[in-house]
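Protein chains: 2
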Amino acid sequence: MKKIINNISDVEREMLEGLVAAAPKKLVKLNGYNIVHRANLNRDKVALLSGGGSGHEPAHAGYVGFGMLDAAVAGPVFSSPNAGAIFKAIETVANPNGVLCIVKNYTGDILNFELAIEKARSIGIKVDHVIVADDVASQSTAVGRRGVAGTVLVHKIAGALAETGAPLERVKAIAQRTIDNVRSMGMAIRPCTVPATGVPNFELSDKEMEIGIGIHGEPGMRRERLTNADGITRKILNRILSHLEYAGREVVVMVNGMGATPFMELCIVNNFIKEYLYRNGVLDVYDTMIGNYMTSIDMAGFSITLLRLDDEIKMYYNAAVDTFALKK
Amino acid sequence: MKKIINNISDVEREMLEGLVAAAPKKLVKLNGYNIVHRANLNRDKVALLSGGGSGHEPAHAGYVGFGMLDAAVAGPVFSSPNAGAIFKAIETVANPNGVLCIVKNYTGDILNFELAIEKARSIGIKVDHVIVADDVASQSTAVGRRGVAGTVLVHKIAGALAETGAPLERVKAIAQRTIDNVRSMGMAIRPCTVPATGVPNFELSDKEMEIGIGIHGEPGMRRERLTNADGITRKILNRILSHLEYAGREVVVMVNGMGATPFMELCIVNNFIKEYLYRNGVLDVYDTMIGNYMTSIDMAGFSITLLRLDDEIKMYYNAAVDTFALKK
Numbered sequence: 001m002k003k004i005i006n007n008i009s010d011v012e013r014e015m016l017e018g019l020v021a022a023a024p025k026k027l028v029k030l031n032g033y034n035i036v037h038r039a040n041l042n043r044d045k046v047a048l049l050s051g052g053g054s055g056h057e058p059a060h061a062g063y064v065g066f067g068m069l070d071a072a073v074a075g076p077v078f079s080s081p082n083a084g085a086i087f088k089a090i091e092t093v094a095n096p097n098g099v100l101c102i103v104k105n106y107t108g109d110i111l112n113f114e115l116a117i118e119k120a121r122s123i124g125i126k127v128d129h130v131i132v133a134d135d136v137a138s139q140s141t142a143v144g145r146r147g148v149a150g151t152v153l154v155h156k157i158a159g160a161l162a163e164t165g166a167p168l169e170r171v172k173a174i175a176q177r178t179i180d181n182v183r184s185m186g187m188a189i190r191p192c193t194v195p196a197t198g199v200p201n202f203e204l205s206d207k208e209m210e211i212g213i214g215i216h217g218e219p220g221m222r223r224e225r226l227t228n229a230d231g232i233t234r235k236i237l238n239r240i241l242s243h244l245e246y247a248g249r250e251v252v253v254m255v256n257g258m259g260a261t262p263f264m265e266l267c268i269v270n271n272f273i274k275e276y277l278y279r280n281g282v283l284d285v286y287d288t289m290i291g292n293y294m295t296s297i298d299m300a301g302f303s304i305t306l307l308r309l310d311d312e313i314k315m316y317y318n319a320a321v322d323t324f325a326l327k328k
Numbered sequence: 001m002k003k004i005i006n007n008i009s010d011v012e013r014e015m016l017e018g019l020v021a022a023a024p025k026k027l028v029k030l031n032g033y034n035i036v037h038r039a040n041l042n043r044d045k046v047a048l049l050s051g052g053g054s055g056h057e058p059a060h061a062g063y064v065g066f067g068m069l070d071a072a073v074a075g076p077v078f079s080s081p082n083a084g085a086i087f088k089a090i091e092t093v094a095n096p097n098g099v100l101c102i103v104k105n106y107t108g109d110i111l112n113f114e115l116a117i118e119k120a121r122s123i124g125i126k127v128d129h130v131i132v133a134d135d136v137a138s139q140s141t142a143v144g145r146r147g148v149a150g151t152v153l154v155h156k157i158a159g160a161l162a163e164t165g166a167p168l169e170r171v172k173a174i175a176q177r178t179i180d181n182v183r184s185m186g187m188a189i190r191p192c193t194v195p196a197t198g199v200p201n202f203e204l205s206d207k208e209m210e211i212g213i214g215i216h217g218e219p220g221m222r223r224e225r226l227t228n229a230d231g232i233t234r235k236i237l238n239r240i241l242s243h244l245e246y247a248g249r250e251v252v253v254m255v256n257g258m259g260a261t262p263f264m265e266l267c268i269v270n271n272f273i274k275e276y277l278y279r280n281g282v283l284d285v286y287d288t289m290i291g292n293y294m295t296s297i298d299m300a301g302f303s304i305t306l307l308r309l310d311d312e313i314k315m316y317y318n319a320a321v322d323t324f325a326l327k328k
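In the order they appear, the protein sequences are chains A and B. Under our numbering, the first residue of the first sequence carries the number 1, and numbering increases by one thereafter. Under our numbering, the first residue of the second sequence carries the number 1, and numbering increases by one thereafter.
Hints may contain errors.
[What the hints assert, rightly or not] As a list, the in silico DSS-like pairs of lysine-lysine whose alpha-carbon atoms are at most 30 Å apart:
id, chain 1, residue 1, chain 2, residue 2
1, A, Lys314, B, Lys327
2, A, Lys29, B, Lys328
3, B, Lys314, A, Lys328
4, B, Lys25, B, Lys235
5, B, Lys126, B, Lys25
[To be verified] Heads up, incomplete: computed chain A residues facing chain B, CB under 8 Å, no partners named:
id, residue
6, Ala22
7, Asp230
8, Val269
Hints in this document: simulated from the structure, not taken from any laboratory. Don't be surprised by glycine CBs; every beta carbon is placed ideally from N, CA and C.
If we strip away everything but chain A, and leave its shape as in the complex, we get:
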């Protein structure tokens, strides 16, 4: 394993401290917890909290700030934070307007967030949650669609509405509507290596790729012969397009790098997308995001996310945002 780290057991803490050190006026890390919150918490709005295993950076701590999250709680690499840490994060941001937890659809995350929410409610904290499930690759598995890069757009849309002072029910409703309208799928040409194990999550020959990978190093739905960028992109788009009706709709496209994918390759992927969507009836690609938004440590590959817009989602998509990893 080759990584630029110190002790394996300090990776999560040092990473969050290093992020906060880059924005000390805007971000605070709670002592003793892998929780990052806004330096100036606004108690007059619904608080947004997200979290999950580490290894998906800049998610989620990179999205703490005006227009997105109020706090993020990080577990060990690829493992859910425990219920105690999640409860601590809820308690930290809680205010009478309530807290909305944005949870990705993984068994551990859901279990621990629900335990923490139950405990928070038992002491009178107003708190609710939504579950993001955008990965069409895992649609037919027992757990259903996993939560992947689409989560970042849920942070963005719900975060923008929350800044207006809207009540918890409305913030939850638009988060859910964003979830209902967002779908993703990913692929990899090289696996990632979890620091604690030191070995790649799967092996791929020089001529193979994994289609439909998860963000926790899960191998894909199937292993295929590596084709060219256009062929891979078409395959992923076809799969996403078959899951929702996109004809006549405006969409936001996110081309997301998995951590070790050069920007060059992400742009080449994007070069195929717009015309192909138009040929498949999409009315307009309203905006395109290209970058590392929800990664899988040092995996080489990408995911594509399509968000269907309506007037309200579009308005909140366009709203100002000031976080370390996303600014508008």
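Following the hints, complete the assembly by docking chain B onto the known chain A.
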């Protein structure tokens, strides 16, 4: 070689087309040229042009937009654009206020930019240039300090002044002052692979790293045993600190990924920097940038850039910027 590309000969063009497709209201690619310019060129200001070989994305096309560049010209991967293409770019952005070319210190880039500038002057275009030389690793080589990630800060500072309508001489002067105050150094744990050759630029065992690498896959000043993040960071900072007097100064820190380095590792690197700079007499880390700003395709590694601030540089550092790869 595993890459997400189509034909090797189309990499540069498709990458730029894919970038422009993501921001079609803001960016235009010149037909038949690997030149990207602002969709709405402002003829009432000095035009800023940069460029060089491809493979450093998002540099330079990602920095075209309000507050930074007016255009960028891209050569083949790791090779200078030819003088004809540079001339075309100068001609495209030329206006009576003049054009400032921001050139990185490489023999090919300088030769071709100077030829293009000579030709432009011969037809009456007002054009000048500066040469960025921030890489302390190559200080004692024949070419001297190479131009690396510090170039992005030169775009930023000079670009902000240019937006105010300042004359060419002043824009050139602040670009030069930024160059005089910026130093960088990089390292790699894994080499990059140029699409056209298909093989890594150098070989490293699992226990080795290269210290002082260039952004064109040049091996480092020396090969060393891979140590931990803090040790590597200290070594790089010591080298940079020995090249300029930083005591009592405010600095901007840029922790730059080389293309395949996870954000997690860049944050861990950053976690060491601030306190170490303070212990070495730096007055204040005014701001910290962490991300992939000037890459080397799919190299795994990072560089650190320190920019010394003065009141004017700080003001232009803080100015609004709206490009694909940098927003404030």
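Quiz item: Among the hints numbered above, which are violated by the structure, and what are their numbers in rising order?
Solution: 4
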